[in-house]
Amino acid sequence: MFRQHNRHFNNQRNQSNQRRKSAVPQGPRVVIPLKPDFSLSESRTVKFSISLPVEDEEGAYEKTVVEVPKLTDDATPMQALNFVREFFSACETMSWTTGAKRFEKIKQVLEGKHKAVLLTYMNEENSRSVDSFQAAMDTILAEFFEETVDYEDQMVYLRTGLKKPSTMSPKEFATLLEMANEYVKLIPGAPNDSAGLTSNEMCRVYLNAMPIQWQRNFNNAGKNVFTETIQSMRTYFEAQAVQDPYTPRRQPGDGNSQEERGNRNSNGRNGNRNTNQG
Numbered sequence: 001m002f003r004q005h006n007r008h009f010n011n012q013r014n015q016s017n018q019r020r021k022s023a024v025p026q027g028p029r030v031v032i033p034l035k036p037d038f039s040l041s042e043s044r045t046v047k048f049s050i051s052l053p054v055e056d057e058e059g060a061y062e063k064t065v066v067e068v069p070k071l072t073d074d075a076t077p078m079q080a081l082n083f084v085r086e087f088f089s090a091c092e093t094m095s096w097t098t099g100a101k102r103f104e105k106i107k108q109v110l111e112g113k114h115k116a117v118l119l120t121y122m123n124e125e126n127s128r129s130v131d132s133f134q135a136a137m138d139t140i141l142a143e144f145f146e147e148t149v150d151y152e153d154q155m156v157y158l159r160t161g162l163k164k165p166s167t168m169s170p171k172e173f174a175t176l177l178e179m180a181n182e183y184v185k186l187i188p189g190a191p192n193d194s195a196g197l198t199s200n201e202m203c204r205v206y207l208n209a210m211p212i213q214w215q216r217n218f219n220n221a222g223k224n225v226f227t228e229t230i231q232s233m234r235t236y237f238e239a240q241a242v243q244d245p246y247t248p249r250r251q252p253g254d255g256n257s258q259e260e261r262g263n264r265n266s267n268g269r270n271g272n273r274n275t276n277q278g
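FYI, full-length UniProt numbering numbers position 259 of the sequence shown as 259, with every residue one higher than the one before it.
Please keep in mind that the hints were generated in silico from the structure rather than gathered at the bench. Remember, predicted model here, so these are calculated numbers, not experimental data. Check the hints yourself; a few may be wrong.
As the list claims (entries may be wrong) - Listed next, the in silico DSSO-like pairs over lysine-lysine satisfying Cα-Cα at most 27 Å (straight line):
1) 113 / 47
2) 63 / 107
3) 63 / 105
4) 107 / 185
5) 107 / 47
6) 47 / 105
7) 115 / 47
8) 105 / 70
9) 163 / 107
10) 47 / 63
11) 113 / 171
12) 107 / 70
13) 47 / 185
14) 35 / 47
15) 63 / 35
16) 163 / 185
17) 171 / 185
18) 115 / 101
19) 47 / 101
20) 105 / 115
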């Protein structure tokens, strides 16, 4: 009876601990990761080309070629946004200015269910205007995103959830942050005029993502996010990476040598604790 009572008490305690753990905030939800979750080099693409007359050179033509990635059935949300970004870039380069031309071209780069969604939309909607094309694109992106909710969650992630990985250079992190800010503007439900991080917010996010000591050095140098740009901050922190390389602190059980473990245990017995600053 005593053992059963103890077992019952322990089960209750374990359940209580599990509830407390589950109540701990898990951090912002990541809609689109900072680092690409697909390989650009392995993406299948379709080439489009156009020859245009060269100004002031009679009879001369210049050929322009663009490649647009295909949107496949197994595409990730990040790939979908990259697809939209690349397609609209091609529209500008190739002068696909009408809705009808865009409908014609996009059919060549959609596959499977995404192409089926487009064709269904075109069958139900007679208009081939630019606005109608944008509505069709929103319909395709709705396969990947929840309107407004995903935009807001991604903005929270960008503002509060980013830390530069120790193995990543400040330059690479700045590039990925700028790309992430371009992607978030394309998520359905993003505001038309004020989507994404402002330039000051970008600088603040970039600063807060750096190691604490680098942040202190930045502030002690009389710099601030209101007078700097991402480019100038990138240059500053690239120099920091050379002058003051960041080494993450070792955590317990991270594979320290037997000698280090022995020293740590000895220090513990003597009542002294040395803290290594990374």
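Hints, verified against the model:
1. A hinted pair counts as satisfied when its Cα atoms are at most 27 Å apart, and residue 113 with residue 47 qualifies at roughly 22 Å.
2. Taken as a hint, the residue 63 and residue 107 pair is honoured in the structure, with Cα atoms around 23 Å apart against an allowance of 27 Å.
3. Our distance criterion of 27 Å between C-alpha atoms is met by residue 63 and residue 105, whose separation comes to about 18 Å.
4. Distance check on the hinted pair: residue 107 and residue 185 sit about 24 Å apart at the alpha-carbon level, within 27 Å; holds.
5. At roughly 13 Å between alpha-carbon atoms, residue 107 and residue 47 fall within 27 Å of each other, so this suggested pair holds.
6. Restraint check for residue 47 and residue 105: the C-alpha separation of about 11 Å stays at or below 27 Å, so the hint holds.
7. Restraint check: the Cα-Cα separation between residue 115 and residue 47 comes to about 18 Å, which is no more than 27 Å; the hinted pair holds.
8. Between residue 105 and residue 70 the alpha-carbon distance is near 12 Å, which keeps this suggested pair within the 27 Å criterion.
9. Simply put, residue 163 and residue 107 have alpha-carbon atoms about 39 Å apart, too far for the 27 Å limit, and the pair is violated.
10. Straight-line distance between C-alpha atoms of residue 47 and residue 63 comes to about 12 Å, which keeps the hinted pair within the 27 Å bound.
11. Distance check on the hinted pair: residue 113 and residue 171 sit about 38 Å apart at the alpha-carbon level, beyond 27 Å; violated.
12. A C-alpha spacing of about 10 Å is found between residue 107 and residue 70, which places the hinted pair at or below 27 Å, so the restraint holds.
13. Distance check on the hinted pair: residue 47 and residue 185 sit about 26 Å apart at the alpha-carbon level, within 27 Å; holds.
14. A distance of roughly 26 Å separates the Cα atoms of residue 35 and residue 47; the hinted pair therefore holds under the 27 Å criterion.
15. Taken as a hint, the residue 63 and residue 35 pair is broken in the structure, with Cα atoms around 34 Å apart against an allowance of 27 Å.
16. The straight-line distance between the Cα atoms of residue 163 and residue 185 is roughly 21 Å, inside the 27 Å bound, and the hint therefore holds.
17. Between residue 171 and residue 185, the direct Cα distance comes to roughly 22 Å. Compliance with the 27 Å bound is thereby established for this hinted pair.
18. Only pairs whose Cα atoms come within 27 Å are accepted, and residue 115 paired with residue 101 is accepted, the gap being roughly 16 Å.
19. Distance check on the hinted pair: residue 47 and residue 101 sit about 16 Å apart at the alpha-carbon level, within 27 Å; holds.
20. Annotation: proposed proximity of residue 105 to residue 115 holds, straight-line Cα distance about 12 Å (limit 27 Å).
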